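Student: In case you want the letters, here they are:
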Amino acid sequence: VGRYQFLDTVSRTWWTLLAGAGVSQQRWRSWPGTTRRAVKTTVWLTLFLVLVALFGVWDTTALAVAACIAFLVVPPWSRLRVGRFAVGKWVVPAVVLGIAIAYPYYTDSMPQVPVFGPFPQVSTMVVMMIFTMMALGLNFVVGYAGLLDLGYVAFYAMGAYVAAWLASAQFSSRHVNVGAVGLYPGWAGVHLSMWIVLPVAGVATAIIGMLIGLPTLRLRGDYLAIVTLGFGEIMPQIARNGDNLFGINLTNGTGGITPIDGPGFGNWAHQHLHLPANFLTAGNLDAVFFWTALLLVLVTIFCSSRLRDSRLGRAWIAIREDETAAAAMGIPLMRTKTWAYATGAFFGGVAGAYYASYNSGAFPDQFFFNISVFILCMVILGGMGNIWGVIFGACFLSYLDREGLANVGAWVNGHFGTNVDVPKYEFGIYGVILVVVMLFRPEGLIPSSRRAAEFHEGVHDEPLYDIEEHDAPIAEPAS
Amino acid sequence: VATTAHPEAPARYRRSPGSYVMPGLALLLVVLLVVWLVVNFTEGPAYFFTIFFIGLTNGAVYALVALGYTLVYGILELINFAHGDVFMLAALISATMIGSVFHLAAHPSVGSLVPAILVSLVVAMVACGAINVAVEIIAYRPLRHAPRLAPLITAIGMSFILENIAIGWKGVGYTSVPQVLPTGNVFSIGGVVYTWEKLIVVVITVPVLLALVWLVQRTRQGKAMRAAAQDRDAAAMMGINVNRTISFTFAIAGALAGAGGLLYALYFGQVRYDTGFQLGLIAFTAAVLGGIGNLPGAVLGALAIGFIQAFNEGLTWHSPGSDWTQSIVFSILILILVFRPEGLLGERTPEGG
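These protein sequences, in sequence, are chains R and L.
Just so it is clear: in the first sequence, position 396 is 396 by the numbering used here, and no numbers are missing.
Just so it is clear: in the second sequence, position 57 is 57 by the numbering used here, and no numbers are missing.
If you are wondering where the hints come from, they were derived from the structure by calculation, not from laboratory data.
Small disclaimer: the values here were computed from a predicted structure and weren't measured.
Glycine residues also receive a C-beta, built at the ideal position from the N, C-alpha and C atoms.
Please note that a few of the clues may not be correct.
[Stated by the list, open to error] If you only want the chain L side, here are some residues facing chain R, beta carbon under 8 Å, derived:
| id | residue |
| --- | --- |
| 1 | Ile79 |
| 2 | Val122 |
| 3 | Ile167 |
| 4 | Lys170 |
| 5 | Trp324 |
| 6 | Val338 |
[Stated by the list, open to error] Here's a subset of chain R near chain L, in silico, CB distances under 8 Å, partners left out:
| id | residue |
| --- | --- |
| 7 | Tyr425 |
| 8 | Gly428 |
| 9 | Leu439 |
[As the list claims (entries may be wrong)] Pair by pair, the computed Cβ-Cβ distance ranges are:
| id | chain 1 | residue 1 | chain 2 | residue 2 | range |
| --- | --- | --- | --- | --- | --- |
| 10 | R | Leu54 | L | Gly168 | 21 to 31 Å |
| 11 | L | Gly191 | R | Val176 | 53 to 63 Å |
| 12 | R | Gly247 | L | Gly191 | 32 to 42 Å |
| 13 | L | Ser100 | R | Ser173 | 56 to 66 Å |
| 14 | R | Ala64 | L | Val126 | 51 to 61 Å |
| 15 | L | Gly173 | R | Thr16 | 25 to 35 Å |
The shape of chain R in the complex, shown without the other chains (with noise of 0.2 Å):
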């Protein structure tokens, strides 16, 4: 596969290093699994420390960080029973959540990063919860069915927009409330409770989803990525032109719609049950806004894992790999992949909405194309159809996007002298990590290993003849 073999050699070195301690790969391959995975984590968390002494601020949390990887990673946790309940398969998950949860309480007390500077604020752990259900529902559509679709940021306006009719002033002349928290004496227009507006919001966007899918489906491979950037840049033009459709002010234009109702519980459930009222006027915004989207990850990560293993899911892996032969055992092709466009559809278009509600607003300016290929660089730099791969990755690059990047431009900056505002090349570096996945590791970082041999052993397109191979004998004719 290719001429590029970088990878290779971490794993060259990797032996050379234990044949240097007197350790064949028979040995190694002879320790129990705990062992092995022992002395990995030993390596690279010394490395990890070593590169905080050397490159950030020295702190004990460091060796906490460490020794807090090491419990999770090192033990057997899965061979864990409690009688006849195998709860050992939900020890890691259950950590990782409970840190997670946790997070708002101890941000301002971690310590630096090398390179990378601070530890996320809390507002930046919304954007990445919610780029991580965007990545995860383009993860249906671009990792099960290996559909390239280049204009996912369609839908994710499209879920802003939906929420923004349905819980702003925008149809001021209707006076509609249904639940709805935060509202101003006087107000005017279509307020619906986000609880409601969430699933409509997703639900309008499949429909949608599914409308742009039905013609354009039976196009195979680069035919369909392009007719969903066509897609991807006619929807931010009608939300932009769309102040005046045949008399109709839908968008309001380039001013965008704002503001947009917040998320909230109502008054009862915040004097009986402590529960906030409205999130936007709640003392701790970004730590409710972020338990909210941690929630919708959540149920994400469910409906990923369950849809996968499902009948529907186990087609569209099959349409991936082989779409005439799974169309010959009988898969409804166009039905199938029109699902796996719904189904994606529907987590960008609840993100989208509550994205809307956290800004507060639904921008045409917000929708452009460089979002789909950064959601796609996402899915592509996890791991196409893994879900911690994806999770990996949209929490990864929606960081660097909103802080990572300054950091790391100002550490560049300050350690080299130089003065590169890293911030403006951010495309370029999302380019770099696209071409530089794609030669290196086309299965991403945490692949799945199906799609891994997908990879490496080729699929059906794969040409009968190599020419590669037999370039030189062959060579030019005599002329």
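Use these hints to put chain L onto chain R, whose structure you have.
Tutor: Here is chain L on its own, set in the frame of chain R:
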């Protein structure tokens, strides 16, 4: 076995009424388009022709870029997303050549203009040919045998990388080019105006296109290109160095984008890092409209898109206006891909259903 159980057997071969809906809709769209053009024509024939010439000029620039897409698609079946950005770099190179190397100001003398344009043309074509070949070698060649999604994704990545090279070089603002082309009238008959700048664009485009046709149809290398496009494996077995042929195709495509970039810079006078993305999509639409992989089709499609854009932005009677140009172009792209994926002149491909 008795077949009398199917008394209306032939009915199975009759087309269902539903199958007429889509072609009917397509026909309706075309009829509406024709009516709109005719009404606009009768509103002001002279103005209509002036707009027509603007469309012709736009179309000529689009054709040069669209040919690059179609050449690469023909041989690799890959949408070279980076192509529009190669074009943008060409426009920036030309802008630099005209402004900083030749120091031309607005309205220069013919004696200083002609060599400046010719040298800039050669520089832009050579540089962009080289850039395009480099893109192919870095991002596409190692992925020859990967699933088709992979090179498409690296193509998007390269597109962003090239855009950021332009940002690093020229910044995010517009780079403007002085109005060096003469703007006098070639002729003005009954209110129909045709200016020199538009003629010069066509005058540079046509020889480049003719040279391309000669190259592809008459030379040995062109024959190798056509062979590799038809069947890469068979071409390799016939002794064609396929990798070299593909690189050559990228060089030609880049050179065409170079010429297009020069004309764009001279004619429109403003270039920015994202110019190539927008124009690249328009040009790709043109290539699809004409039938991707088909050279005359790309030119035809580019002219059609050029006219559509000019008419949409210029005509007065019920035209949606420039706010909607992009949506219209993409709607055409989607409609073509859905109704006639082989394009106006192309052949049916498996991808198009």
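Student: Going through the numbered hints above, which ones does this structure break? Give me the numbers in ascending order.
Tutor: 2, 4, 15
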